[in-house]
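Just so you know, the protein sequences line up as chains A and B, in that order.
So that you can map any letter, position 145 of the first sequence is 144 in numbering that gives the first Met the number 0, and since no number is skipped, the others follow by simple counting.
So that you can map any letter, position 48 of the second sequence is 47 in numbering that gives the first Met the number 0, and since no number is skipped, the others follow by simple counting.
Worth flagging that the hints you see were computed from the coordinates, not collected in a lab.
Each hint should be verified, as a subset may be incorrect.
For lysine to aspartate or glutamate, the following EDC-like pairs were computed, each having C-alpha atoms within a straight-line distance of at most 16 Å [unchecked claim]:
no., chain 1, residue 1, chain 2, residue 2
1, A, LYS66, A, ASP53
2, A, LYS196, A, ASP226
3, B, LYS180, A, GLU86
4, B, LYS378, A, ASP83
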Amino acid sequence: MLRINDLTKHYGEKCAVDHLSLHIRPGELCAFIGHNGAGKTTTLKACVGILDFDGGEIYIDGISVRKDPLACKKIIAYVPDNPDLYEFMTADKYLDFICDVYGVGAQERRERIEKYANMLELENDLLQPIGSFSHGMKQKLALIAALAHAPKLLIMDEPFVGLDPKATHAVKQVMHEHCSAGGAIFFSTHVLEVAEKLCDRVAIIKDGRLIRSGTMEEVRGDASLEDVFMELEEDHAGQTD
Amino acid sequence: MLGKLIKLRLQSILSRTTARRKNGKGMLVLFAVLMVYCGGVFGFLFYEMFGFMAETIDPDYHWFYFAMVGLLSFGISFFFTAFTAKSELFEATDNELLLSMPIRPRTILLSRMAILLGIEYLISLLVMVPAGAAWFARTGLRAAQLALYIVGSVFLPLISASVACLVGWLLARLTARARNKTLVTMIFSLTFLAVYFVVYFNAQKYIAALMAHYQSVADGMTNWAFLFCWYGKGIAEPDLLLFLLVTAFALAVFIAAFFLLGKGFLKVSSSENVRKRRTGKLELRSSKLSSALLRREFKRFTSSAIYMLNCGLGLILAVIAAVALLIKADEVRDLLALLERYPGLALSKLDLALILALLTSFFCSMNSITAPSISLEGKTLWILRSAPIPARAILAAKLKLHVLLCAAPTLLLSLAMGFALRPELAGWILLLSVPQMFVVLNGVFGLMMNLCFPKLEWKNEAIPIKQSASVLLTMLPMMAYSLLVIIGFVVLVILNQSLPATTFLLIALGAAAVWLLISAVWLWKNGARKFNGLGS
Numbered sequence: 000m001l002r003i004n005d006l007t008k009h010y011g012e013k014c015a016v017d018h019l020s021l022h023i024r025p026g027e028l029c030a031f032i033g034h035n036g037a038g039k040t041t042t043l044k045a046c047v048g049i050l051d052f053d054g055g056e057i058y059i060d061g062i063s064v065r066k067d068p069l070a071c072k073k074i075i076a077y078v079p080d081n082p083d084l085y086e087f088m089t090a091d092k093y094l095d096f097i098c099d100v101y102g103v104g105a106q107e108r109r110e111r112i113e114k115y116a117n118m119l120e121l122e123n124d125l126l127q128p129i130g131s132f133s134h135g136m137k138q139k140l141a142l143i144a145a146l147a148h149a150p151k152l153l154i155m156d157e158p159f160v161g162l163d164p165k166a167t168h169a170v171k172q173v174m175h176e177h178c179s180a181g182g183a184i185f186f187s188t189h190v191l192e193v194a195e196k197l198c199d200r201v202a203i204i205k206d207g208r209l210i211r212s213g214t215m216e217e218v219r220g221d222a223s224l225e226d227v228f229m230e231l232e233e234d235h236a237g238q239t240d
Numbered sequence: 000m001l002g003k004l005i006k007l008r009l010q011s012i013l014s015r016t017t018a019r020r021k022n023g024k025g026m027l028v029l030f031a032v033l034m035v036y037c038g039g040v041f042g043f044l045f046y047e048m049f050g051f052m053a054e055t056i057d058p059d060y061h062w063f064y065f066a067m068v069g070l071l072s073f074g075i076s077f078f079f080t081a082f083t084a085k086s087e088l089f090e091a092t093d094n095e096l097l098l099s100m101p102i103r104p105r106t107i108l109l110s111r112m113a114i115l116l117g118i119e120y121l122i123s124l125l126v127m128v129p130a131g132a133a134w135f136a137r138t139g140l141r142a143a144q145l146a147l148y149i150v151g152s153v154f155l156p157l158i159s160a161s162v163a164c165l166v167g168w169l170l171a172r173l174t175a176r177a178r179n180k181t182l183v184t185m186i187f188s189l190t191f192l193a194v195y196f197v198v199y200f201n202a203q204k205y206i207a208a209l210m211a212h213y214q215s216v217a218d219g220m221t222n223w224a225f226l227f228c229w230y231g232k233g234i235a236e237p238d239l240l241l242f243l244l245v246t247a248f249a250l251a252v253f254i255a256a257f258f259l260l261g262k263g264f265l266k267v268s269s270s271e272n273v274r275k276r277r278t279g280k281l282e283l284r285s286s287k288l289s290s291a292l293l294r295r296e297f298k299r300f301t302s303s304a305i306y307m308l309n310c311g312l313g314l315i316l317a318v319i320a321a322v323a324l325l326i327k328a329d330e331v332r333d334l335l336a337l338l339e340r341y342p343g344l345a346l347s348k349l350d351l352a353l354i355l356a357l358l359t360s361f362f363c364s365m366n367s368i369t370a371p372s373i374s375l376e377g378k379t380l381w382i383l384r385s386a387p388i389p390a391r392a393i394l395a396a397k398l399k400l401h402v403l404l405c406a407a408p409t410l411l412l413s414l415a416m417g418f419a420l421r422p423e424l425a426g427w428i429l430l431l432s433v434p435q436m437f438v439v440l441n442g443v444f445g446l447m448m449n450l451c452f453p454k455l456e457w458k459n460e461a462i463p464i465k466q467s468a469s470v471l472l473t474m475l476p477m478m479a480y481s482l483l484v485i486i487g488f489v490v491l492v493i494l495n496q497s498l499p500a501t502t503f504l505l506i507a508l509g510a511a512a513v514w515l516l517i518s519a520v521w522l523w524k525n526g527a528r529k530f531n532g533l534g535s
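Only chain B is shown next, with the shape it has when bound in the complex:
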């Protein structure tokens, strides 16, 4: 039974990529290529990092190398699977169906944990393989060490899988009981994302600091991460007893997590509707059609963590970037002054204002709130279609929400850019108006793409948000535009110098304005017809 359940789950995961698509195999190949690419990038990164470490540390501290490999493997695996554990174990759509069958809940749980363990292995390989290669390439191959390293790679993910399962259980309990599930998910997601960005941007600094004081770090590590120290010593020295202790501990943790979660599996996986009932008086309030439609759009956006995180994350990042710019305004000003004085480049304040305006626009292109908004109507589209609402009013509400949400953070970023640059009046006008034009362009173009490529048949809202052509076809051209402007700027203005920077930037801006105009005219002429034809 366990084997069948694992197979079933694997089929379900695979079908998310290939189901109902004519080019399912093609997508699978594309997915595999993407995975190989990501693996290659991470592999190279870790190979270089651990190679440097292997060359630097003293022989007395060789165990520290393996301890760090274990710790990093554990950290990365846990980081990327905590949320997966929650959805895979406790929120799988077939949980209730399977629980109603004569299958022991623990068997279902074990099949889920096995899948999660598989994912842990895949992630830990990203660290273990390049770290192992870097070590043995520099210190020479020793059979005993290699054998222990391979066995260790099998047992270590048991710990990260167990911890991820327990955190997943905690998240499932918290979100099931929380009145505002979206808010809780958002807080956890943003916290995870913040940790990721902090570590990512400071990785170089942390590694340098670690290598400068690795002896004291290693000595300290024996107190707070003794398990990884034992793991390191077990392989490096090699000490079979210590190594066996670690593997036994990993196995014990996994078994303990299994039994612990098994006790509450039935309760947690079927507790979706245990939230407290809202109490109070029935309060009804009437409003205009446009306000009602806008409120509906806003409610949809704010009630979905996945929608907000994928299509509105740029709003938070814009505010963070604006604050960072204000704090580091002097440094940015020095950098801009350097560009202004750069020999042969002769960039005016107006040119710099245009560049910053395009940079702000690019930054805000990440918010495609309208691109999945029609697809998100899904099976509820009948409500709008059967009601006496002009299609244009529906589309206008979707666009209005996008502009209302994006305009203020974009304006804040523009102001911060202006504060750093301190341009003339014309520069200020461009800095403030160009990004707002891109906000509208993004909204209009997103709607246009969604009308052309709607995806109304879905069970999980992640599909129209993460796997739809409309989102991809909105974001890609917006980013490609910025990339082309940058390439054009470098080739035509900096290298060739046959075209004044101002002229080039104004041409680029004009192209974007034409793009907006064409999209808006298309939406005005065809939008309502396309919307009314949906589902027919």
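The following block holds chain A by itself, in its conformation from the complex:
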């Protein structure tokens, strides 16, 4: 579903992503973990087609992000870490706009919006202006908008930040459902416990380089993901020094 080959991205002199390669298959839920500034958001944005990259290639369902970005964008959805949405719109109008952009039919959009709004307990706030929403509510709305067009690949940057425990539970459920239905999810997180319990794949990035990736069992072995992550961070820091 998502194939990243040798991705490289520089910001001036700084190498944000360094020859990163990763493959996520349909039905897989892959966590992307790393310290702050490791290159997670840059990688996710490059996959979505928001950020141009210097080297390598990204394929979504076999389609090159560089060569046919619009075709790729039709089958993916992105939820950023800070959901800056159109505050001049009401939530229902925003969802309508997103559905119009993706060409979602009237019946389907109603069913999906009602389903996910109920799951995330936002059904009573859909008529309110987005400007009056809290961070968590905006996060939920961004997620509903992402799911409203039934994407094949869902890319999320820190999806659990700002969510209450109930909403976090609902989001996990949604993520499972999505992957069970054949979709794939690639998301970044700092919550290692969630990644450990939720995902079947994990990729660890440090200073723009992918230092470990594979199935959860392959990566952590008998230890916890937190132990493995800390160990890898220290090893890598030693190598760099």
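Got chain A sorted already, so can you dock chain B onto it with the hints?
Quick look at chain B alone, frame taken from chain A:
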């Protein structure tokens, strides 16, 4: 603490001009030069006005002079600070942060009121200094009078600051509770603007009427503006008791306003989200991508008072001008006939139609709806960038909104011009088509400038609208074009007479058409690439 808060606020105001700019100091100097220029213009205006007054009035009515100075100073200060009071006191972005700290809300309020008072002093100086200079230059310098005048200049702004704060509080309460905040802000802004224009255009008439009947006005003023009369008498006679009464009153009003506002400061400054909840059934409707994009652009435009006022005010003015033209059509027709018959000028109806078409175009150049439209995407740009929308469709929606909004008022103004001129068929065609070409040019050129000079990092939407290079670089060339055509017309056609008016005007029009063509080709070839490269 109060001193620190005032310093902090001043730094925040200054940083709006200099922050994140390499040429911050340069901007500050430019700003200072602009302020000195404005001060000079207003100073000269008031010096002349009050000089005439000082020479005209009888010695028995000298108090009326100072009363009028006080009244004008109060009116102008209040007029220019009522909206500032609302934003400075109750909508400052750091209000919540400061209120969460162990600082008394009244101390925060006082620091805000002190800043506003500072602005009041700056504005009142524009009146007080030239009026004082005009008076003492004509009547001679008297120490007691001068001392009282200076002390009065210190106390009088306390009244205007207090009233501005109270009106600001009222505006904040109204907009916080209003469901349609934009509409309320628009109504208040347009009302203020209408009052400004009415006073500005009739100032000469009002002053003449005032000076013709100043004795009766002065006598009447003792009833409805006795405070300013006391102020005038206190300085002119001089009457120390009356003067002290006024200064004590000004101080008391300021203290009363402070305590009154202090009671509700916490409530008003943290009541942004108390608007009533919308109720009803969830209604979803599907539409085409182009319609959805256009609707989004329209919603953005109509939901921002600052966007509408700064980039669409010309639309309202065009309608007002068209109505005024229809009402005064006969007078305009006489004026045009005079030009037609002017010896040596020999302007045909077609020439006049071309001139009016260019005039309409210039008038409608004030609407730069597309110029800040890309910058306004700001942090929400990711939505468009991550969605499967061709960049050209996004740009087309922005252009379409501009044309849809501007075309009708421009057409109305063209029709009114045509009604006044009554040209031949060719004249009608030019009158109707040329301004529409400028509407498109303005939209296309605005988009082009915004793609070249985007400003996506902002916290307040006033920044991409009021302080962006793209808006400036769109409006300036449009206005410069009109100015060059007028200068060229005067020099080449009227003074030199070596070039027929029709030829000159058609060349000018052709230049604009070439400008449009180049801009459109650039937008078609580079627009999508530039848009897709934003934020990368």
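Right, here's what the structure says about each hint:
no. : hint                : verdict
1   : A:LYS66 - A:ASP53   : holds, 14 Å
2   : A:LYS196 - A:ASP226 : holds, 15 Å
3   : B:LYS180 - A:GLU86  : holds, 13 Å
4   : B:LYS378 - A:ASP83  : holds, 6 Å
The structure shown violates none of the earlier numbered hints.
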